[in-house]
Amino acid sequence: MPAPKLFRRRPGRGLAPTWLAGLCLLACVGTAPAAPGDALAPVLFVSNRGGNAQIHLLRADGSGDQALTKTAQENTEPAWSPDGKLVAFTSYRDGNAEIYVMNADGSQPRRLTQHALSDNAPAWTADGRIVFRSMRNRWSNFYAMDADGGNLKQLTDNQLDKGAPVLSPDGRWIAFVVHGEKGSSDIHVMPSNGGAARDLTSALSKNPKSFPSWSPDSQRLAYVEGKDLTLNIKAIQVDGSQPVSITSNVYTNAYPVWAPDGKRIAFVSSREGTRTEMARGDIYVMNADGSAQVNLTRHPDDDNNPAWSADGRAIYF
3 MPAPKLFRRR PGRGLAPTWL AGLCLLACVG TAPAAPGDAL APVLFVSNRG
53 GNAQIHLLRA DGSGDQALTK TAQENTEPAW SPDGKLVAFT SYRDGNAEIY
103 VMNADGSQPR RLTQHALSDN APAWTADGRI VFRSMRNRWS NFYAMDADGG
153 NLKQLTDNQL DKGAPVLSPD GRWIAFVVHG EKGSSDIHVM PSNGGAARDL
203 TSALSKNPKS FPSWSPDSQR LAYVEGKDLT LNIKAIQVDG SQPVSITSNV
253 YTNAYPVWAP DGKRIAFVSS REGTRTEMAR GDIYVMNADG SAQVNLTRHP
303 DDDNNPAWSA DGRAIYF
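Using our numbering, the first residue of the sequence shown is number 3, and each one after it goes up by one.
Hints should not be assumed to be uniformly reliable.
Here are the simulated lysine-lysine pairs, DSBU-like style, with alpha carbons at most 35 Å apart [unchecked claim]: (1) K72 - K155; (2) K208 - K229; (3) K155 - K87; (4) K155 - K184; (5) K265 - K208.
Hint data in this document are derived by calculation from the structure and do not stem from the laboratory.
Build the full structure now, drawing on both the sequences and the hints.
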């Protein structure tokens, strides 16, 4: 199988977050790399090159960098709508985190939520609704609303400390990280329209888990397990069965992302550096069973947060 082409999301390596900062941020926050349905579609990313976080659009070949937001306050967590016409995002322009939506070219930003406490981490369902996390009842819970902010529905009502919602490709499930006592964290799954959540991983080990990533058929989840600088990629069925280890080494392996055909997984590993160099990661690809692991970037600086093109022939990072 030919190696995928590589496209850098932003021109300068210096803009990439360090490994440690990236792990802290992206373990709980989703990303929106490429517009749906087009292998060479534009890529969304967040950059602080102007002094604070703003959402940018970049062509897959690295050209045409365009800032979609230009406010004095931060704008983060961009997410493409299923049809690629809208971008949901989190903005602090009104004093605290709220959910906004804008056209794909950055025009007509509209505020969808209005609450004194934080609303963030938007993700789109297959039918065009937006799921997000809110602190409005003093605990992090999930809500869903239409793309215009209407028909608000609370999906969870508990005191669990939740990470960002990760929607399954078929739109039926939400995966998320629940943070417990003494640094513990586990992967949970719940129906996307609300209902009871299932803990998939706490019985497997006491190590923290993070980075849930859906297989294209919505039947399996890849995730990261480990502590300190030793993190490895695991996978499990959505019903909690068939847990398997995909990587097994003493280095940091993170950011697993399934290829569109489900046969390969892109990820980031620090194995080419030393275990103390958290800012040293390369983009790897492997078969979904963990075999044939190949370093695609092999660069002295940090490369992270990979995302596949729609046809599986390219990887953005």
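Hint check results:
{"no.": "1", "hint": "K72 - K155", "verdict": "holds (31 Å)"}
{"no.": "2", "hint": "K208 - K229", "verdict": "holds (10 Å)"}
{"no.": "3", "hint": "K155 - K87", "verdict": "holds (24 Å)"}
{"no.": "4", "hint": "K155 - K184", "verdict": "holds (32 Å)"}
{"no.": "5", "hint": "K265 - K208", "verdict": "holds (29 Å)"}
This entry satisfies every hint, going by the numbered hints stated previously.
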